[in-house]
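Protein chains: 2
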Amino acid sequence: MSAAPNERRSLDRAAIVACAIAFADNHGTDALSMRKLAAELGYEVMSLYNHVANKAEVLSLMVDAVAAEIPPPDPAAEPIASVRALAVDTREALVRHPWAAGLWLRQMPGPARVGHMEHHLAALAATDMTPPVAHLAFHAVNNHVIGYTLQEQAMAYVVPPDGDADALARSFIDGISPDVHPHTIAHVQQHLDGDTASSFELVLDLILDGLTRLD
Amino acid sequence: MSAAPNERRSLDRAAIVACAIAFADNHGTDALSMRKLAAELGYEVMSLYNHVANKAEVLSLMVDAVAAEIPPPDPAAEPIASVRALAVDTREALVRHPWAAGLWLRQMPGPARVGHMEHHLAALAATDMTPPVAHLAFHAVNNHVIGYTLQEQAMAYVVPPDGDADALARSFIDGISPDVHPHTIAHVQQHLDGDTASSFELVLDLILDGLTRLD
DNA sequence: GTCTTAGTCCGTACAGTGTACGTTGTCAAG
DNA sequence: CTTGACAACGTACACTGTACGGACTAAGAC
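Residue numbers (my numbering), protein chains in the order written: chain A, 544 to 758; chain B, 544 to 758.
Among the hints, a few may not be true.
In this list, chains with the same sequence are indistinguishable; a pair is considered to hold if it fits within one copy or across any two.
Pairs of lysine to any residue, SDA-like flavour, derived with a Cα cap of 25 Å [as the list claims (entries may be wrong)]:
hint, residue 1, residue 2
1, K598, M651
2, K598, I623
3, K579, K598
4, K579, E744
5, K579, A596
6, K598, Q733
7, K598, E621
8, K598, P641
9, K598, I719
10, K579, L554
11, K598, G718
12, K598, F715
It is worth saying that the hints were derived from the structure and are not from the lab.
These figures come from a predicted structure and were not determined experimentally.
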């Protein structure tokens with residue numbers, strides 16, 4: 544009746560989370576339901592609850608798995624370089640899993656994210672920054688990484704599945720008057736022209752430079 | 544049978560959105576459903592759909608209403624001061640409506656938000672910044688405002704309704720080893736000690752200063 | 001061997017969600 | 001008085017998360 548039980552991967556937390564991540568990568572977290580997840584794994588819904596408390600825990604485990612993908616900083620590197628590398632690597636992980644940035648802040652940090660925090664804070668503590676500035680820096684860098692990624696991916700949320708993002712942006716600027724909103728149109732146009740390449744690292748360096756100047 | 548129809552406010556977009564905002568302010572957006580919203584207004588669910596396309600439109604109108612609360616910058620002020628004021632006022636609006644920051648990036652900008660963008664971009668264009676730097680600045684400031692507010696309110700998402708945030712933070716640091724994660728514990732402890740007051744404006748100024756130094 | 005115990009899988013069921021559709025009431029223009 | 005519009009409503013459907021209880025299996029105790 545059911546598919547050969549031999550073919551399906553045995554059910555445990557790791558398998559569930561891995562499958563959930565793959566599903567979210569393909570269809571987004573909004574489309575992720577416990578039923579679809581179970582179907583994807585070849586099991587029935589309620590079987591998942593033998594390994595996982597509830598959906599919230601699945602989501603929590605998912606972001607922690609993403610955090611686990613972020614490589615720890617090279618201990619031999621300069622402290623500031625470590626902070627910078629951690630920021631860049633974190634951003635890359637969030638780009639790899641576009642749903643992760645939106646979840647990052649809503650989940651209590653799991654073990655991997657606590658490790659991530661520790662690396663980040665340790666690198667900052669090893670710089671010349673005073674403790675209060677290091678505290679500030681932690682949040683400033685975090686804000687930049689997550690906020691920038693979120694903003695970049697905001698379009699993906701708005702654009703209907705497999706819709707044309709550029710076309711949507713063009714229809715957006717077509718809908719507003721060039722007389723009252725000229726700067727807005729120019730701004731969106733700059734995005735369409737694509738000459739806003741790697742501003743992420745540029746602003747990151749700006750923030751880091753500013754922080755190291757503080758005391 | 545039904546409550547006196549005279550007492551209930553007549554149904555239109557504005558009434559629906561106002562009620563939705565009040566409800567979200569009190570119970571959060573997760574608890575907001577079309578049925579509860581209708582009940583709050585004294586109507587039945589489907590009546591809402593005579594005035595609103597779907598729930599997504601309600602959410603979209605809600606964030607635009609928040610954007611409309613943000614006062615336009617004083618045209619007599621210095622451009623940089625306008626940018627700064629806009630950032631601070633935006634943050635205040637997002638704090639007034641804690642659900643708004645999370646929705647801000649997921650909704651296509653409505654008229655009020657386009658106006659907000661225009662003010663922001665116009666003020667930046669009036670500074671000494673070159674156009675590419677002004678473009679950068681728009682995103683950098685936006686990231687800071689939204690990211691900072693989101694991060695600040697992340698706790699509110701994690702803490703169960705009317706739960707003790709401090710107690711949860713303490714149980715969090717109790718759960719991690721001081722030997723492997725000393726910096727993390729120290730960081731959370733600093734939050735509990737509350738000596739991290741108005742870092743928002745501090746980092747904002749840091750970013751603005753850095754941007755004005757660029758060219 | 002049998003009995004017990006723990007753990008996994010699954011079927012059923014329930015309350016709650018967004019919303020499509022059709023019916024009813026109301027009120028103004030012709 | 002009729003007609004047509006629009007707003008309010010009731011019902012219905014597909015879908016969500018998950019509580020509960022039963023069926024089955026595997027391991028260990030005697």
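Going down the list of hints, with the structure as the test:
1. K598 <-> M651: within (14 Å within a copy, 28 Å between copies)
2. K598 <-> I623: neither (38 Å within a copy, 46 Å between copies)
3. K579 <-> K598: both (12 Å within a copy, 23 Å between copies)
4. K579 <-> E744: neither (38 Å within a copy, 45 Å between copies)
5. K579 <-> A596: within (17 Å within a copy, 28 Å between copies)
6. K598 <-> Q733: neither (40 Å within a copy, 32 Å between copies)
7. K598 <-> E621: For K598 and E621, the Cα distance exceeds 25 Å both inside one copy (41 Å) and across copies (50 Å).
8. K598 <-> P641: both (19 Å within a copy, 23 Å between copies)
9. K598 <-> I719: between (41 Å within a copy, 24 Å between copies)
10. K579 <-> L554: within (15 Å within a copy, 38 Å between copies)
11. K598 <-> G718: Classified as between: cross-chain Cα gap 22 Å, same-chain 40 Å, threshold 25 Å.
12. K598 <-> F715: Between copies only: 21 Å across chains, 36 Å inside a chain, cut-off 25 Å.
Checked against the numbered hints given earlier, this structure breaks hints 2, 4, 6 and 7; the rest are met.
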